[in-house]
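**Q** Position chain B relative to chain A; hints supplied.
Chains as they are written, first to last, in the working numbering: chain A, 191 to 357; chain B, 87 to 586.
It should be emphasised that the hints constitute simulated quantities derived from the structure, not laboratory data. Be aware that a few hints might be false.
Claimed, not checked - The list that follows gives simulated cross-link-like pairs (lysine-lysine, DSS-like), each with its CA atoms no further than 27 Å apart:
1) B:K330 to B:K380
2) B:K370 to B:K188
3) B:K330 to B:K370
4) B:K380 to B:K370
5) A:K265 to B:K250
6) A:K266 to B:K250
What the hints assert, rightly or not - Reference listing, derived: stretches of chain B covered by chain A, where coverage requires no fewer than 3 residues with Cβ under 8 Å from a Cβ of chain A:
7) 255–268
8) 534–546
Treat the numbers as computed from the prediction; the structure is a model and nothing was measured. Backbone N, C-alpha and C fix where the C-beta goes; we use that ideal spot for every residue, glycine too.
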Amino acid sequence: MTTESTLTQAPVRGRPARSVLAGIGAFGALGVYVLISSVELGLWTSLGPGPGLFPFAMGAVLAAMSVLWLLQELKKPSAAAESADGGLVVAVVVSLLVLAAVLDLLGFQLSMFLFLIYHLRIRGKRTWISSLIIALAGSVGAFYAFNYGLNVALPVSAIPALNLIGL
Amino acid sequence: MDTLNELLNGFAAALTWQNLLFAFLGCLLGTIIGVLPGVGPVAGVALLIPLTLNLDPAGSIIMLCAIFYGTQYGGTITSVLLNTPGEASSAITTIDGYAMTKLGRAGSALTIAAVGSFVGGTIATIGLVAAAKPLGELGLLVGPPEFFALMVVGISLLVALAGKSMVKALISGALGLLISMVGIDPVAGAPRFTFGMDRLLDGVSFVAVIVGVFGLSEILSHRKGADAPLVHAPGFRSLLPTGKEWRRSAPAMARGTGVGFGLGLVPGMTGSVSSLLSYVAEKKFSRHRHELGKGAVEGVAGPETANNAHANAALIPLFTLGIPASPTIAVLMGAFLQQGLTPGPSLFTEHSDIAWAIIASLFIGNVLLLLLNVPLVGLWTSILRVPAPILTALILLFMVIGAYTINFSVFDVFVMIGFGLLGLALRHLEIPLAPMVLTLVLGPLMERSLRESLEISQGDFSVFINRPISAVLIALGLLIICSPLLKLRKPKALTEDPEA
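Only chain A is shown next, with the shape it has when bound in the complex (with noise of 0.2 Å):
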């Protein structure tokens, strides 16, 4: 979408998208964040710049930046952007922090095995059969192939059970 189609095709409504204001709150907080606790770093030591001199400039463009874009907005406020899939982020999000969660605890094989499990055949609606092969590809395979192809560890269980049937 080019400028000029947002301006001939989204009549111009009176308000700014709420989650486009959250956005730059969440900017400008940030920037005002930054410039206090670099001044707290120290901006300049007796020795030159300091260590917060640096990161209070970037706090400082954050900041301005945020008012400019409130003032643009409140001209003239952007078309509302499509929002993303609401139930797949769900999905996505919350099965990667409890696969996390358990990594060090089931390891990656068992752990990954169960989060493939989910993605495939209840969430994809895969057959059984193709979602076995990939998960315990992706699982056990993969487990295998970094650990001595490519020399790279993955996690291995701390449960002592688990750990002594080679998970």
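**A** This is chain B only, laid out in the frame that chain A set:
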């Protein structure tokens, strides 16, 4: 030793069976990444860094370089066959490439693109060989103020070209710099922005951030019903272009090489800019310009040559000055640093054998790509027939492995997830991601050169203005950043750079 001798030694090192295998695997993986619409070259290269962690430095960089230019070609395949660019620098190829497919000349378009890529890539690599020594020596003379000024120019160009709004591009750039500052401050040793977490003392893992912001957020922003349609690979016979098509392509390839090589040298330019400008050049200078848009072979030959010439030429500032010219090169630079190699003039003095082996492997990689891509086009299109859930699951698998293996820590997996959500938010707000990657890598270097400059001058900022080279560069950077205020319009072809 003269350059030719060192290059020959480089070939001897690159032609070992291990390094050949790495180059081959890199080309293969790169092409796959290029074909997959969901994973761009930036995330792709970052994702595969872990594969190379325990290889020797030369082998690992050879593989990553091969992945990098492999993506350039892979993107062409979907542009031509599907009208969807696999990655941004092939976007312009869709116009005439897809038109050629509708005329039944898909195979010919792919072959011309492969040959063009080979020509552009090889000539640019010859340029790298010629420029390496003199530019490297020049690089050694560059002091911290000039180095800082050069980075300012690169970042301002990228910021100016990225997306529609410079305000948003600046936010992206500042965000990248701030992320790069997390951890122990390099000069005074004070912890910055670590929020009391010991894990953050070493900084945020670069790979985890890139994989999250570019890769995971791409998957998260996938919309329903956006699956790729079925494609059919062209038959082997149709892969041969006619004599007339060859004759028409040659001048377009020559122009494409010039455009791509020239722009590849400029920090801040992306491959998409090169391919767009090469298309513009064809519209101006081609004898068949009236046919452009209706399946003219020049519209494929020019841009495809340009983006590969660009990809290889962009390695020149990286190798000689230590400055990454585009986001993907920035990721490559991150990989160099992981391997303990600092790209820049010292690369040729301290690790000359590795540097030349990598350069030699660029030639080999270009030959491999030519041999691989055209005959295997059936294999590449079959990747597009893999159902989306399987692809998503496998990409997520690689992301988790990629993030975990950088420090062998689950913490980095959480970092990746967090930055995936940040990337999603940035995409939603239409904030371009490219400036952020560049500043993420350049941040520590920029800060170090700024502080060194100020230490030289004992805190006097005029050090940047009193030295002629840095004065010119700083002025140029300011001019670029202020261009919207001065009402300098950027060329229309550049307003929609999808890579930025």
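**Q** Against the structure shown, which of the earlier numbered hints fail to hold, in ascending order?
**A** Nothing - there is no hint that the structure violates, so all of them hold.
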